[in-house]
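Protein chains: 2
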Amino acid sequence: MEEAVAPMIHALRLLLGSGGQLGSRAGVACDSWRLGVEAHNVRDRKTVPASCEGYVGHCMLGGHYHRDSKLVIDQAISYIDSIKLSGNGKEVLVFDIDETTLSNLPYYATQGFGATPYNWMSFQEYARQASAPALPETKRLYNKLLSVGIKLVILTGRREVQRTATVTNLRRQGFSGWMTVLLKPADFKGSTVTFKSSERQKLLDAGYIIVGNIGDQWSDILGTPEGARTFKLPDPMYYIG
Amino acid sequence: MEEAVAPMIHALRLLLGSGGQLGSRAGVACDSWRLGVEAHNVRDRKTVPASCEGYVGHCMLGGHYHRDSKLVIDQAISYIDSIKLSGNGKEVLVFDIDETTLSNLPYYATQGFGATPYNWMSFQEYARQASAPALPETKRLYNKLLSVGIKLVILTGRREVQRTATVTNLRRQGFSGWMTVLLKPADFKGSTVTFKSSERQKLLDAGYIIVGNIGDQWSDILGTPEGARTFKLPDPMYYIG
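In the order they appear, the protein sequences are chains A and B. Going by UniProt numbering, the first residue of the first sequence is number 1, and it counts up by one from there. Going by UniProt numbering, the first residue of the second sequence is number 1, and it counts up by one from there.
No lab work stands behind these hints: they were computed from the structure. None of these values were measured; they are calculated from a predicted model.
Since copy identity is lost for identical chains, a pair holds within one copy or between any two.
Below, simulated EDC-like cross-link-like pairs (lysine to aspartate or glutamate); rule was C-alpha separation at most 20 Å, straight line:
hint: 1; residue 1: Lys-70; residue 2: Asp-31
hint: 2; residue 1: Lys-90; residue 2: Glu-226
hint: 3; residue 1: Lys-70; residue 2: Asp-44
hint: 4; residue 1: Lys-189; residue 2: Glu-199
hint: 5; residue 1: Lys-144; residue 2: Asp-81
hint: 6; residue 1: Lys-189; residue 2: Asp-44
hint: 7; residue 1: Lys-90; residue 2: Glu-199
hint: 8; residue 1: Lys-46; residue 2: Asp-74
hint: 9; residue 1: Lys-84; residue 2: Asp-44
Taking the hints into account, I'd like the entire structure generated from these sequences.
Below, the structure is given as structure tokens:
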């Protein structure tokens, strides 16, 4: 698969009229930048550095992103295998949606893999189509949890107005059997961390035990109560604070 | 520098009689494993996977580790430049020691870069020599803080019995002017997170403001109060829970 990637990126770059070399050392070292993103050292960024567009494209379309996701899911499945379930049906695992259950790569490939500033309108248009593919590694964890009787809570920064398209997209991609899908109320004004933390707190208040929490953004997994164990999926494309 | 690395690792491998290919795909994908370590997905590990010894060696001796550290320090310096100092002398930044201010790479290079299980006795012997070199990027941050009047607090999991060798080593490497060096009391029984959190709490109780906190382990920077901003330096070699 790797050998197919360079021409694809080259074609996209011609299409988009943008520059960027693979792993460019002019300016930021793209591999160090990506490590910094994943370790939460690089924060509040608006875009992928222009010189890293090719690097991130290669990462996303080549085997790198999939391989990195697989490692995270392998760790999550080992963790699930290691915990003792109470059998009372009160254990839940919290999943984010974008870049966690569903992949917006088809959209971001047209946006310089995050090198182009976020366009709210065009992303909404894309999301309405309910066509985002599943992330296969996450699906493996999802199905594992269904099989062992851990309940699935889907918790997203998407708004209530997007509920129909979101649920349609999840079902089309074979995600089902969840306990609940929680979206941001239309009038919610706070940060993602505030919203997601308060929803997790409500789960605890209702007697659930959050055995784990998985997302692609640090804002998915920071903020008390975090859950007994957190998993950070890779996302070099964009940042949500 | 990169071209000098492969023969060095090869020589070390012959010396140590150990295996391991660069970025081996037999077993774990070493680059994904490293990303998983830095994003706190891989936890409670005892050693570097045997198949990744060469990969980690290359990372540490080649430019990779230095480049990754530089990015973290660049972020930290940008952050320091962005904050408004009160000028009352109450702002502190907390530094870890091992793999943060001082590098134990000369020792770990003889231990398969972490692929060999931790040997408490031999590490103590090495630390007693007070010969660990400074991490140059951290030193840049350290000197920056001195120049702007932020106080330096050194907080380590090393024990009080190691104080003399530790302070000697820091001074020899040009670290000085700190406010305090805090080591674990001989009889401290709790975890590193517990120890470090409680020392940070004491700083707050004494009226200090922790503007930042930097370490190579997640256990350096997790646990309330974390500090206003945290920075995770890379460390593929070992894990402290």
